[in-house]
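Based on the hints, put chain B in the right spot on chain A.
What follows is the residue order along each chain.
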Amino acid sequence: MTFEEIQQRLAAKFGERIGALAPANKDASLLVQAADILEICRFAKDDEALVFDCLMNLSTVDWPKKNQIEVVYHLWSYRRRHGFVLKVALDRAKPEIASITSVWKSADWLEREQFDLMGVQFTGHPDLRRIMLPDDWVGHPLRKDYAEQPQWHNITTTRDNSLEGYVRLDELKKKAADAAAAAAPKKEVLS
Amino acid sequence: MPKNYQQDFGSIITSKTSFIDEIINLARKSSIFYLLFGLACCGIELMQTGGPRADIDRFGSVPRATPRQSDLMIVAGTLTYKMAERCRLLYEQMAEPKYVISMGSCASCGGLFQYAYSVCKGVDKLVPVDIYVPGCPPRPEALTEGLMRVQDKIMRERWFNARQKVGQPQPSLGIDYKVTA
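From first to last, the protein sequence lines stand for chains A and B.
Residues 1 to 191, numbered by this note's numbering, are exactly what the first sequence covers, in order.
Residues 1 to 181, numbered by this note's numbering, are exactly what the second sequence covers, in order.
Derived by calculation from the structure, the hints in this document are not laboratory data.
Each statement offered as a hint is correct.
Below, a list of computed lysine-lysine pairs in the DSSO-like style, where the Cα atoms sit at most 27 Å apart:
#1 Lys65(A) / Lys144(A)
#2 Lys105(A) / Lys82(B)
#3 Lys87(A) / Lys13(A)
#4 Lys82(B) / Lys144(A)
#5 Lys153(B) / Lys98(B)
#6 Lys66(A) / Lys94(A)
So the derived label-pair ranges between C-beta atoms look like this:
#7 Ser102(A) / Asp57(B): 52 to 58 Å
#8 Arg130(A) / Glu92(B): 22 to 28 Å
#9 Asp55(B) / Pro150(A): 43 to 49 Å
#10 Asp55(B) / Met1(A): 55 to 61 Å
Here a beta-carbon is modelled for each residue, glycine too, at the ideal position from N, C-alpha and C.
Okay, chain A solo, but in the shape it has when bound:
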């Protein structure tokens, strides 16, 4: 099935709640409401024509100017050999969305990753902890306005340049040679 056919299939089931496909050069995507995501995912997996049996990827995009955090779901059907992209726009101040671990189990770690790096709260997730960073880390590194803490558990998060104060000898020599060449009187060319 093509993207358009999948969108029509979803629209036939959910009606008004499914909008038009976003125009894109490569993969089109469908923006849906955050409240509907669990229902749509459940339908997309169970429907006989769609059979999205695989959640390929779950990622987020930070849009500080729009004040949004976008959650992107890449679905794939091994049975029907087609893919689809769902997007949900969340409020940047309080990004919260229902977890889809009850539909695809692979969403577990993917959602933990997005919670860790972008700070999206997935309600109903069985074990929402940080996955890359330590549990008591402050901040979400992939946000555009992220500022790293100066230290963590007495480990500083920056490192001084140990080459500061050193001079390269060949550069000194080169500088001296250049200065000597500039000071020396130019030889007149005999005509």
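Positioned in the frame of chain A, the structure of chain B alone reads:
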């Protein structure tokens, strides 16, 4: 010269050893058991170094899978903050006298991944490092050289004196190591 390292120079090199010390040190340097602590691609080179071609077994150095039996910790690879806690824990479990080789750019300063959010900028922020082996990753020959420098260091030590501290003073991490069920 960087300020941090100014007072460290010469503290070990100038120490004199007696004949008894030398005999003891000869035995110690010929049986450096190292902790298997491969964290990234440097770990592959570490295995190569223990393998038949580089074969650091000929210096009496064999891998151990537990810090309790190890004399030397070779930190091979990128150290993340999550692993940093464990690294410090393993170091504290090792029995004195203990030595640390920081293998490769990542362990020495964060290397290629220095600006990543999850990477610790050098293992010397946690534990005192004796030898830094540069490279990305270092060849087995380079790590063998590093091991030989550790042996040199051992030969210069006075057995009946406490081993002198190297590197920067180590701050406490403030971790509660107690296991909670």
